[in-house]
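From first to last, the protein sequence lines stand for chains A and B.
Final position of the first sequence in our numbering is 359; the numbers increase by one with none missing.
Final position of the second sequence in our numbering is 359; the numbers increase by one with none missing.
Check each hint, because a few of them may be wrong.
For identical chains, the list gives no copy identity; a pair is met inside one copy or between any two copies.
Result set (DSSO-like, lysine-lysine): computed pairs, CA atoms no more than 27 Å apart in a straight line [as the list claims (entries may be wrong)]: (1) Lys235 to Lys29; (2) Lys160 to Lys27; (3) Lys24 to Lys171; (4) Lys160 to Lys51; (5) Lys171 to Lys51; (6) Lys51 to Lys24; (7) Lys235 to Lys51; (8) Lys132 to Lys171.
Treat the hints as calculated values from the structure; they're not laboratory data.
Predicted, not measured: the structure shown is a model, and the values here were computed from it.
Number of protein chains: 2
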Amino acid sequence: MNEFDFIKRIKNKTRMHGDFSQVVQGIGDDAAVIKPTSGRQLVVSADLLIEGIDFLRSATSARLLGRKSLAVSLSDVAAMGAKPRWALLSLGVTEDVWGTEFIDQLYEGVFELADKYGVTLVGGDTSRTPDKIVVDSIVLGECKEGAVISRTGAKPGDQIFVTGTLGASGAGLRLSNRGARITPVQETESEQRAIDAVLMRHLSPEPRVGWGMVLGQEKLASSMIDLSDGLSSDLHHICEDSNTGALIRALDLPIDPAVVELCGRRALDPLQLALHGGEDFELLFTTSPANASRLPKRVDGVTVTCIGTIEASDQGVRLEEGLRVWPLEAGGYEHFAARAKTV
Amino acid sequence: MNEFDFIKRIKNKTRMHGDFSQVVQGIGDDAAVIKPTSGRQLVVSADLLIEGIDFLRSATSARLLGRKSLAVSLSDVAAMGAKPRWALLSLGVTEDVWGTEFIDQLYEGVFELADKYGVTLVGGDTSRTPDKIVVDSIVLGECKEGAVISRTGAKPGDQIFVTGTLGASGAGLRLSNRGARITPVQETESEQRAIDAVLMRHLSPEPRVGWGMVLGQEKLASSMIDLSDGLSSDLHHICEDSNTGALIRALDLPIDPAVVELCGRRALDPLQLALHGGEDFELLFTTSPANASRLPKRVDGVTVTCIGTIEASDQGVRLEEGLRVWPLEAGGYEHFAARAKTV
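Based on the provided sequences and hints, a complete structural model is requested.
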């Protein structure tokens, strides 16, 4: 199979997925052509996943890799309060997986998530790589004019919310790095379920597309970011860009139950994971007290939790733990830092 | 410098470039936000360049690499007849170049070309890579509704045109692979100029943005593609998608003068290079005989040449060479083929 046959295959597959009513030209020409919805703003995000840095081939599957590559960009578009519409996938693969089921399964993972959130694959690029697989996923979304939620709008007095639960992806990464895999053989059934749960949160994160759209459409959030680097780092981004401080209440953090279950025996610290573990891909947002009461109880089965308050910038970013209040440093993941991890 | 400082640097740099009148949110949030021009269609292209496959670090410079990464996507958008407007850059870099001038120079190359064609950098991603540099450039363009030029519109009787000259990029690649570099020391001054010319065509291609826009705005082309794989392959793409054949006249091919000058002594076959050498990034397009006479003589100093005629599909794709007519096989570059090159 040469790359032109491959592109035809993918093109044919896309026809069985998505909504082509606003797609003038999908895969198969020099570029994709889209008819944007009149009066909407366009939101665009690109996310690069690189083998050996962002994932290990031995720790994931082609399907989960495809799924995650789209998930991380969907999460970015959700964090703007926009509705994801179209995607492009730039894929660099090694010769050993070319022409194998690996690529079909990778695209199956992409389509699985694209179908779930009504996203249509319209383009991308395919290249050979010498030794490491590379995926760049690009998602285009739309939102009403002026409805986009940036990182700059938080105000002192706003409440800080987070969707879903925290810490599981970080726990999954740490266990994965120690060799844990999703298998049926473990010490106890309950522990097995908890290990599988955190591994899956790391390998197959769920972007909070529904919450992003609700918050955007109703203008319920004053600022928003998705938790990719880690709560502490991402909160610092909001506070820096909004010129505010913040107080987080440790007791209110919605730590994932599987993380709590695993904590003692696996030497995983739940609070550290919730604060600094990256890739939870939950939405962190702020709302005025008036809007906080208007928040829906749940969207797509996912609840939100109030974890703190935005304060004046001279207060800094702080953590209330029991009777103590500590400065909360940005401790999330950085690609280029002395402690940069390779997964 | 951590990646957040880096992103701030790039964000500050973008402010000195481009047009932010329709950019609601540029670099520095979860996603870019754009206000599309009312009534226009959106054209999107992504192109992945990978070290060791698409370029050698030893054969190019950071500035030229940045420039080329944008050029290839601009060329795709031009090939749709659209005006490029915005760009995103996903960059994976190795630890040894992080924090060095390499990245600044790469972005300088990107901005150089972006400024030339009125394109504004609005987003992207940054990642670490284990050992190979990776660049995915994404360009968004706009065109009037119904004005996009696809590969499907060629009709028997249409004339086939190509912008600029052919074969120089392929010659540059071959000389580069033999160790040729842009230096002041060569056998003769004239030969040096020719070698530099073909090396630069390979390392620093010029997208035909002006021609693309003229052909799109005036609807002068019935089909169009950019020459990335090579004339023979790209012509086959048009003929397949338009369900036609084609006859190319070898004598009319605008072979680059530098290729002709170098041909004998360097064992470079000008006709082979013009037909099958990839990455010329010229535009190959077809026009009805009526529209052919309406073509401008030159755009941005670049002329076009009529090189053949679209025929019925049962004629196949053929080459007229002197008194003989041969079948013209697709012989351009493929990433996954027995003869796939690594640069």
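| 27 Å Cα cut-off: does lysine 160 pair with lysine 51 within a copy, between copies, both or neither? | both (16 Å within a copy, 10 Å between copies)
| said: With identical chains, the pair lysine 51 and lysine 24 could be close in the same copy or across copies; at 27 Å between alpha carbons, which is it: within, between, both, or neither? | reply: Within. Shortest intra-copy distance 23 Å satisfies the 27 Å Cα cut-off; inter-copy 32 Å does not.
| task | Up to 27 Å between alpha-carbons, please classify lysine 132 paired with lysine 171: within, between, both or neither. | result | neither (34 Å within a copy, 40 Å between copies)
| message | Regarding lysine 24 and lysine 171, is the shortest C-alpha distance of 27 Å or less found within a copy, between copies, in both, or in neither? | response | So lysine 24 and lysine 171 pass the 27 Å test across copies only (22 Å; inside, 51 Å).
| query | Using 27 Å as the alpha-carbon threshold, which applies to lysine 171 and lysine 51: within, between, both, or neither? | reply | Intra 37 Å, inter 26 Å, cutoff 27 Å: inter-copy only.
| Homo-oligomer pair classification [lysine 29, lysine 235; C-alpha up to 27 Å] | neither (36 Å within a copy, 31 Å between copies)
| Alpha-carbon proximity context of lysine 235 and lysine 51, limit 27 Å | The answer is both: 25 Å in one copy and 18 Å across copies each meet 27 Å.
| When no copy is named, should lysine 160 and lysine 27 be tagged within, between, both, or neither for a Cα gap of at most 27 Å? | between (30 Å within a copy, 25 Å between copies)
Consistency note: the structure conflicts with the earlier hints numbered 1, 8.
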